[in-house]
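Enquirer: Model the full assembly from the supplied sequences, consistent with the hints where possible.
Next come the chains, spelled out residue by residue.
2 protein chains.
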Amino acid sequence: MKRNSRLSLALHTLSHMAGEPHRVRTSADIADHAGTNPVVVRRVLGKLREAGLLSSEKGHAGGWRLAKPADNITLADVYLALDERLVSGSSSDVEPTLCSVETGLQKRVADVLNDIELSLVERLRETSIKDVHPQDCGYCHS
Amino acid sequence: MKRNSRLSLALHTLSHMAGEPHRVRTSADIADHAGTNPVVVRRVLGKLREAGLLSSEKGHAGGWRLAKPADNITLADVYLALDERLVSGSSSDVEPTLCSVETGLQKRVADVLNDIELSLVERLRETSIKDVHPQDCGYCHS
DNA sequence: GACGAATGCAACTGCTATTGTTACATACCG
DNA sequence: CGGTATGTAACAATAGCAGTTGCATTCGTC
Chain F
17 MKRNSRLSLA LHTLSHMAGE PHRVRTSADI ADHAGTNPVV VRRVLGKLRE
67 AGLLSSEKGH AGGWRLAKPA DNITLADVYL ALDERLVSGS SSDVEPTLCS
117 VETGLQKRVA DVLNDIELSL VERLRETSIK DVHPQDCGYC HS
Chain H
17 MKRNSRLSLA LHTLSHMAGE PHRVRTSADI ADHAGTNPVV VRRVLGKLRE
67 AGLLSSEKGH AGGWRLAKPA DNITLADVYL ALDERLVSGS SSDVEPTLCS
117 VETGLQKRVA DVLNDIELSL VERLRETSIK DVHPQDCGYC HS
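For the protein sequence lines, the chains are F and H, in the order given.
Just so we're on the same page, the numbering used here is the position in the first sequence counted from 1, plus 16.
Just so we're on the same page, the numbering used here is the position in the second sequence counted from 1, plus 16.
A portion of the hints provided could be inaccurate.
If chains are identical, the list can't say which one is meant, so a pair holds when it fits in one copy or spans any two.
Stated by the list, open to error - Derived lysine to any residue pairs resembling SDA-like cross-links, with alpha carbons at most 25 angstroms apart: (1) K146 - L102; (2) K123 - N20; (3) K63 - N130; (4) K123 - G35; (5) K74 - Q122.
It should be emphasised that the hints constitute simulated quantities derived from the structure, not laboratory data.
As the structure is a computational prediction, the values presented were derived from the model and not from experiment.
Expert: Pasting the structure below:
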């Protein structure tokens, strides 16, 4: 696949599910549609389940389903569920070997990047999974 | 270094330069302060020079300098100069093997991510390098 | 209870991007 | 000319991630 594949795969799958919320999908089905592997699907979707966005069931008639209404799942939920930190790296990785000017500056740069990160999340919160799903999708009986 | 090192290094260096705009710095100096390698510095700063944010001079008294006033360089300029595309991957990488429903959905997801990317750049345009530099920096005679 | 079908999970393999490093050509200034 | 800087190419080392295989577990159905 390509860059940003986790986020892309998650959005793709969720948007697909938004069309037919009651249908249960297996990771094999999802993997086929997304052009990837069932295990990869389970890895990504597992994170979404931990965040309460999806529910999964084992066994014969098992599979994946939305755990909340599609218009109640925002892109921010997905983004945060995947532990994506696009702008700012994980915090508290300051290198103590630098002089005081540098550590101050590094902290300032990190603060700025954190602000950007927060803005990004706020922006993501404005769009829901339902918004992602094509309005004129003739294949779904939503 | 860590994640987002290019952007981090660029902001760090530019913010440092914003304090003393006239001082010429060698890539060795910058590398020392940033805890990395002169060649890495030249790689990253080269991109910024291509974008017209920095100027460099070879030879004995050479080095790097701001090419524009610090308050005229925004984070968006830096971000775009580095060819960073955090949210949306490079466009037009659709896989033609999928059915029409999937390609439509993929295009929709890509469109949404592109919108987010644009929002991010707009947000970045609101902050300048001068804003990043600490206001109370006693080491700089700005 | 046995069997099939699904998730859950761990381990391993490649691939790719990025950083770090070395080496060398080039340019500028005294 | 010599010293000092950038510019650039080539390579090694690393890290993250997709992909894959294998197996345990769980649930429904026969």
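Enquirer: Look at each hint and say if it fits the structure.
Expert: So, going through the hints one by one against the coordinates:
1. K146 - L102: Classified as both; 23 angstroms inside a copy, 23 angstroms across copies.
2. K123 - N20: between (27 angstroms within a copy, 15 angstroms between copies)
3. K63 - N130: both (23 angstroms within a copy, 24 angstroms between copies)
4. K123 - G35: between (45 angstroms within a copy, 16 angstroms between copies)
5. K74 - Q122: Close neither inside one copy (47 angstroms) nor across copies (28 angstroms); limit 25 angstroms.
Hint 5 from the list above is the single one not met by this structure.
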